[in-house]
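Protein chains: 2
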Amino acid sequence: MYEKFMKRAIEIAKKGLGRVNPNPPVGAIIVKNGKIISEGFHPYFGGPHAERVAIERAKKKEMDLAGATLIVTLEPCDHHGKTPPCTDLIIESGIKEVVVGMRDPNPVSGKGIEKLKKHGIKVIEGVLENEVKKLCEFFITSVTKKRPFIAIKYASTLDGKIADANGKSKWITHRLRPRVHKLRNFYSAVLVGAGTVLKDNPRLTCRTKNGRNPIRVVLDRKGILSEKNFKVFEKNARVIVFTQNERAKYPEHVEKVITDCSVETILKTLHEKGVDSLLVEGGSDVFSEFLKYADVIYAFYSTKIFGKGLDVFSNVQFSVEEPPRFEIARVKTSDTEIFMELRPCSQE
Amino acid sequence: MYEKFMKRAIEIAKKGLGRVNPNPPVGAIIVKNGKIISEGFHPYFGGPHAERVAIERAKKKEMDLAGATLIVTLEPCDHHGKTPPCTDLIIESGIKEVVVGMRDPNPVSGKGIEKLKKHGIKVIEGVLENEVKKLCEFFITSVTKKRPFIAIKYASTLDGKIADANGKSKWITHRLRPRVHKLRNFYSAVLVGAGTVLKDNPRLTCRTKNGRNPIRVVLDRKGILSEKNFKVFEKNARVIVFTQNERAKYPEHVEKVITDCSVETILKTLHEKGVDSLLVEGGSDVFSEFLKYADVIYAFYSTKIFGKGLDVFSNVQFSVEEPPRFEIARVKTSDTEIFMELRPCSQE
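In the order they appear, the protein sequences are chains D and G.
Residue 238 in the numbering used here sits at position 167 of the first sequence; the count goes up by one each step and never skips.
Residue 100 in the numbering used here sits at position 29 of the second sequence; the count goes up by one each step and never skips.
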């Protein structure tokens, strides 16, 4: 009976996608006598929580919340962070029932359900839990795996080439480009290798209406981009460069991280910097390195054939018996292009 | 107003697919007072024409065809071949109107429309012409280009590999296999290179219910399959081997063709042998050679990744500016596999 309200809560929660990171997007609905009387979502990092928005909006209109039900995607916090605990606010409000999509996997902010129950509030858990987990996948991965959620995004020909035999690659897919910018609007950071910067000089910005630019992460092990100008170094977004070369020089605003540049170190460092989600955009060697961490692959195919050329994953090798396997979560096709969202198959 | 009848004519014509070659599949409907009173299709090569089946079926039931309309996918023949001309039969029957999907591109059997008009029968042309042309594409290619209609069928990983780095390839796609057998049921012949025979020892038969086996064509330039046993040489279907090696020996029932083994010669020879359609099934070198003649590509993808491995088209090279381009005519996806029918883009 709460599914339709939870669906609405998920819907409004999505308005915070790409804005609340590394917090999860959260939506909250207040229902009384079977009708929605108020709603709210977590709008941006550091902003008020969804429950608070919904309750305060109701109070402003002098609504009586006694006996009302709160439907919220994530377990309300019981924690003094950037904002006071939502549990106290709920208890004071007179709300008598709270419906929760999923428990908070973060031990710091968790324990809200326990507190509510102690104060005599009925709590129903697990409504549309899978949908809510999907909504919060960046947050869940970040909290439980201590690394960002990893997406690989490639654009290839039908025969799996991301560049022709001469290394040329621009505009393999056209029509699906808006989808790429949409992804950049949701992911906290975008990563490319130095080779891609040298060859394509991409901006890696988000060119959608009201879009926001992701953090740009460049893997420049040897420092070949040192003392040169590239579009990724422009000041319109935060830039982090990983390098092994202590002498490499980048523009002043660029955060230079000198490390062994292993994928593990990169992911740990980005996690510590608050990056909950990383869109890996190339090239072939970088795709090969990050493949084993991929939580999702966004594969864009154009219906062209190159024959000889640069492979998507040129630097890994799997046998026919044990290749990485994926499931198709989404497919979109036009006359001449295909987009697939692929998720790793659960281990058998 | 005739579209729905033509649609039905196309539908029943399809029952002859894979049986009538190198004739086209043809369907015919007789309509009187807005109702279908008889129908027929060309059932097998050398069998009665669709118009004849429909008219004779009506006569058997002592129906009066005076003033009736005949809807037929292809222009009726005016030619004494394996059967007498359909035009005479139509004229005698009393039918007053003939609706034709497309003109017969074959100058030998054509001229039927002219004859009908001379005898006062009203002829309407071009109803669902594109659909009928699609239905007859093997026949049209055969008659106009003097070569078989060419299909390339490959099964690859997401990254365009048809075998792993050790050359292993079996069972890249599973669930879509029935679709492969369905193709073998329609195509007159199937072609593979000697390397594929050596490595996979395929049967290349059609394992669908009531299926018929295609002619098996093997390209064995150097004669490496000489004096060995392979499943493609079994007697359950006609076998043609192209070789440059005069001394190569194959089982007695195998038709050995000694030529330069160029694609052009192979296609010309197969055309002369009555092959109107050829399904090219591998391997990589053979795909590369036949690519420029491909009238359609049937691409089967599994959602696996091999990394290093054997490319679908390992022996051709196209630049990003001028690659072969295709349009998606059909897509089917399951959780873990994708099938696409791709048609060459018309030259711009």
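Don't take every hint at face value.
[To be verified] With a straight-line Cα cutoff of 30 Å, these simulated DSS-like cross-link-like pairs (lysine-lysine) come out:
#, chain 1, residue 1, chain 2, residue 2
1, G, K132, D, K379
2, G, K224, D, K239
3, G, K403, D, K379
Hint data in this document are derived by calculation from the structure and do not stem from the laboratory.
Query raised in the report: Does the alpha-carbon distance linking K403(G) and K379(D) stay inside the 30 Å limit?
Result: Distance of about 27 Å is within 30 Å: holds.
Query - Given hint K379(D) paired with K132(G) - CA-CA distance at most 30 Å - result: violated, 64 Å
Report task. With a cut-off of 30 Å on the C-alpha distance, tell me whether K224(G) and K239(D) pass. Result -> holds, 27 Å
In summary, the one numbered hint that this structure violates is 1.
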